[in-house]
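Let the hints inform the model, and build the full structure from the sequences given.
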Amino acid sequence: MDSRKYSGILKSVSKPARYTGGERGQVIKDRADVRCRWAFCFPDSYEIGMSNLGVRILYGALNSEPDVWCERVYTPWVDMQERMREYGIPLSAHESGDPISEFDIVAFTLQYEMCYTNVLVMLELGGIPERADERGEDDPIVIGGGPCAYNAEPMADFFDIFSIGEGEEALPELSRLYIRMKADGTYSRRAFLFRAATELEGFYVPSLYRVEYGADGTVSSFEPVDDRVPRRVKKRVVEDFDHAYFPTSPVMPYTEVVHDRIMLEVFRGCIRGCRFCQAGMVYRPVRDRSVETLCRQAEEMYKNTGYDEISLTSLAIDDYTCVGELTDELIKWTNENKISLSLPSLRADSFTRELMAKISGVRSSGLTFAPEAGTQRLRDAINKNVREEDILNAVHIAFEAGKSQVKLYFMIGLPTETDEDVLGIPALAAKVIEEYYKTEGRNKKRPPQVTISTACFIPKPFTPFQWAEQISKEEFVRRQRLIADNIHDRRIKYNFHDSEVSFIEAVLARGDRRLGVVMSEMHRLGACFDAWDEYFSAERWQTAFESAGIDPDFYTRRERAPGEILPWDVIDIGVTKKFLLSEYEAAKVSRPSKNCREGCSGCGALVYGGDTLCRKMRG
Amino acid sequence: MTPVPVRVAFSKTGSLSFISHLDLMRTVSRMLIRADIGIYYTEGFNPHPKLVFALPLPVGAESVSELFDIKVEGEPDCGLILSRLRREAPPELPIREVYVPSRKFRDIAFAEYDITMHHKCMPEDAAERVNALTASPLVLTKRTKSGEAECDIREYIAALTAELCEGNLYIKTRLCADAEHYLNPEYVVRAVRRALGTEDDDISPGGDTYSIMRTRILDGAGEDFR
Chain A
76 MDSRKYSGIL
86 KSVSKPARYT
96 GGERGQVIKD
106 RADVRCRWAF
116 CFPDSYEIGM
126 SNLGVRILYG
136 ALNSEPDVWC
146 ERVYTPWVDM
156 QERMREYGIP
166 LSAHESGDPI
176 SEFDIVAFTL
186 QYEMCYTNVL
196 VMLELGGIPE
206 RADERGEDDP
216 IVIGGGPCAY
226 NAEPMADFFD
236 IFSIGEGEEA
246 LPELSRLYIR
256 MKADGTYSRR
266 AFLFRAATEL
276 EGFYVPSLYR
286 VEYGADGTVS
296 SFEPVDDRVP
306 RRVKKRVVED
316 FDHAYFPTSP
326 VMPYTEVVHD
336 RIMLEVFRGC
346 IRGCRFCQAG
356 MVYRPVRDRS
366 VETLCRQAEE
376 MYKNTGYDEI
386 SLTSLAIDDY
396 TCVGELTDEL
406 IKWTNENKIS
416 LSLPSLRADS
426 FTRELMAKIS
436 GVRSSGLTFA
446 PEAGTQRLRD
456 AINKNVREED
466 ILNAVHIAFE
476 AGKSQVKLYF
486 MIGLPTETDE
496 DVLGIPALAA
506 KVIEEYYKTE
516 GRNKKRPPQV
526 TISTACFIPK
536 PFTPFQWAEQ
546 ISKEEFVRRQ
556 RLIADNIHDR
566 RIKYNFHDSE
576 VSFIEAVLAR
586 GDRRLGVVMS
596 EMHRLGACFD
606 AWDEYFSAER
616 WQTAFESAGI
626 DPDFYTRRER
636 APGEILPWDV
646 IDIGVTKKFL
656 LSEYEAAKVS
666 RPSKNCREGC
676 SGCGALVYGG
686 DTLCRKMRG
Chain B
4 MTPVPVRVAF
14 SKTGSLSFIS
24 HLDLMRTVSR
34 MLIRADIGIY
44 YTEGFNPHPK
54 LVFALPLPVG
64 AESVSELFDI
74 KVEGEPDCGL
84 ILSRLRREAP
94 PELPIREVYV
104 PSRKFRDIAF
114 AEYDITMHHK
124 CMPEDAAERV
134 NALTASPLVL
144 TKRTKSGEAE
154 CDIREYIAAL
164 TAELCEGNLY
174 IKTRLCADAE
184 HYLNPEYVVR
194 AVRRALGTED
204 DDISPGGDTY
214 SIMRTRILDG
224 AGEDFR
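In order, the protein sequence lines correspond to chains A and B.
Quick note: the first sequence uses this note's numbering, first residue 76, plus one each step.
Quick note: the second sequence uses this note's numbering, first residue 4, plus one each step.
Since the hints were made in silico from the structure, they are not lab data.
No false leads were slipped in.
Which stretches of chain A does chain B cover? Using the computed rule of at least three CB atoms under 8 Å from a CB of chain B, they are:
{"hint": "1", "region": "80–89"}
{"hint": "2", "region": "96–110"}
{"hint": "3", "region": "323–330"}
{"hint": "4", "region": "378–388"}
Backbone N, C-alpha and C fix where the C-beta goes; we use that ideal spot for every residue, glycine too.
Laid out in structure tokens, this is it:
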């Protein structure tokens with residue numbers, strides 16, 4: 076946003092640096108050289124959007140194409156939205172300041188369900204017709220991607236196309252198709268979408284499928300409208316991950332954002348297969364990056380940014396086969412340059428003294444572990460494969476190193492959970508406090524503090540629990556109270572997620588196209604920033620469900636039959652439904668499975684080639 | 004080796020005027036690290052480049068007269084530091100000068116500002132009214148260390164003159180800027196708008212607006228502070 080033209084408005088809103096742009100690392104191109112312009116929208120605030128590694132990668136990958144220009148767009152905060160509406164200022168991209176309606180492609184990354192209402196706000200502020208079937212030849216193509224695109228059926232009415240799976244190769248391919256069709260005069264919205272769905276891999280065009288529903292409300296048929304359209308859309312995977320594009324000159328925000336540091340993506344996928352975890356299934360197969368590549372990327376990024384923190388990101392960092400070697404190589408130069416290493420996703424069962432020493436070299440912060448469930452029985456049922464001894468051993472190491480604060484993350488409402496499992500949560504916290512006093516060499520100046528956080532379990536598509544029902548809001552509240560009532564120690568703090576929000580997330584996560592009416596109604600009722608407690612309104616959602624004539628319990632409070640057609644069956648993630656179902660059966664008898672490194676369970680991800688763990692295990 | 008203090012003179016303009024003081028500290032810290040000039044770090048729990056700014060600048064205000072002090076290990080090569088910082092500085096944060104300081108920031112007494120105001124109902128005698136403003140008490144609610152207080156801001160205003168030219172009001176003012184008496188120029192804007200009856204502004208693009216530019220930092224004798 077032009078800081079001189081809009082200076083009056085910028086002075087009247089909170090955090091104006093969200094809108095002024097000009098950050099180091101932003102890409103500016105000459106419009107004359109560009110054939111395809113992307114407005115890459117993150118449907119949340121600047122501070123959240125700028126923290127996302129996936130967007131950084133896709134921004135860089137698209138801008139690597141000389142004739143493609145990708146710019147950034149975020150949801151303006153509520154005060155700025157008011158000004159924009161009052162003065163008729165259209166939503167525009169950060170780099171050029173051009174309105175998003177003038178772009179060729181407007182992309183939304185769908186990271187969590189609660190950002191859906193922001194998508195509709197951004198389309199409105201951008202002057203783009205809300206529904207895909209209302210858009211004309213001059214309107215941009217609206218594409219969605221990210222984790223929620225694996226089942227974005229509730230948003231199908233508003234998107235022309237979805238990118239399924241990893242986008243760093245797929246999105247440049249889509250740009251090439253666009254440029255070719257524009258150049259040879261064959262471009263029309265319909266023709267472009269049809270060719271993307273039929274000639275490229277990993278693109279799902281909702282309007283090319285007809286969905287019918289049975290008397291019981293479930294999907295009775297989900298068919299392509301044309302024989303040439305694939306019955307199922309196979310997700311994209313970057314097969315050569317070690318050599319895949321990775322940005323080493325990221326855009327650096329001036330103002331404070333949530334994650335503002337060097338992020339190294341160490342590997343993709345996860346060997347574990349926790350049964351509630353969508354990421355653990357959809358990012359299969361597991362692919363490592365080499366220590367050599369990672370060290371080179373880290374040094375380049377340090378030189379380009381001046382960040383003083385390197386975060387090793389992955390789903391479970393200590394599962395990286397070379398974690399010792401990588402951290403050894405990094406601390407050779409990070410300590411003397413006062414750079415701290417952070418490992419945000421530690422597993423209790425592979426946490427060692429050596430790792431602890433490396434991460435407490437420069438700056439010190441608290442430690443977080445995620446046992447997910449309070450008893451061994453339930454941890455086995457969800458295939459978390461962490462034992463109580465592992466957790467106590469991990470906190471022991473942390474206490475020995477002088478830490479006194481530990482955070483423990485759990486989920487409540489997991490399938491098969493009983494009150495005994497729930498009570499195991501405060502009991503485990505109490506054992507951690509005991510462990511503190513058993514630790515020789517602990518920091519005696521400070522009392523220990525254990526923070527328990529419980530999230531409400533949300534059954535997700537493409538997990539073994541995709542058939543499971545979610546417990547009622549009232550039952551979540553009862554279990555939360557059960558935990559709170561069984562904490563008798565002021566050194567234990569308890570936080571929990573709002574079950575009202577988790578209920579809505581659960582509706583949308585496994586929702587179908589009929590929810591589009593609810594989303595439109597939510598937008599009409601003024602919904603925005605539903606991911607923010609202060610703007611979430613359970614009453615508004617209730618009103619929207621009622622006026623759309625939709626019973627939200629249909630999506631949450633119902634065990635699905637194994638044979639039911641699921642709205643996301645149209646997507647093929649490699650991992651088979653048969654495997655997911657066998658894992659669900661194993662959960663019911665609390666039987667854990669092997670992780671990918673212990674032995675291949677034949678989940679189906681082997682269909683992807685390249686340098687993957689599957690290929691190593693199965694030759 | 005004892006670290007040696009080095010002073011950096013810079014400007015903060017355009018869109019960078021909208022970043023806060025904390026944002027500026029972060030931006031400069033990273034710029035110092037990239038410049039690789041042997042910067043001295045603070046000791047302790049959370050080491051970061053030792054960095055002190057001369058004066059705060061309100062969000063939205065520009066300046067061609069900003070200063071920060073750093074320390075470097077060993078004898079500083081100011082020419083090299085200048086070229087390295089210029090290589091790393093954002094375009095709207097130009098580095099003007101690098102030198103070894105002889106005086107501390109506590110010798111700063113005043114700062115001068117150019118304030119430009121535009122309003123659709125600018126009175127014809129606006130300049131006269133501003134020039135007479137300090138003749139009588141100028142009481143505003145001012146934020147102080149102990150909360151908000153009614154305060155006559157005249158005691159912070161060393162000079163205030165205005166000129167009206169083609170509907171724009173150009174104000175030059177010298178305000179106290181020592182550690183005990185620092186006046187944010189936004190208070191002068193408020194006092195002037197109140198006196199002119201132009202408080203109901205139109206913030207629309209190209210509408211009524213004002214801009215603040217810090218032009219100089221001065222010592223007690225009214226000389227440029229270095």
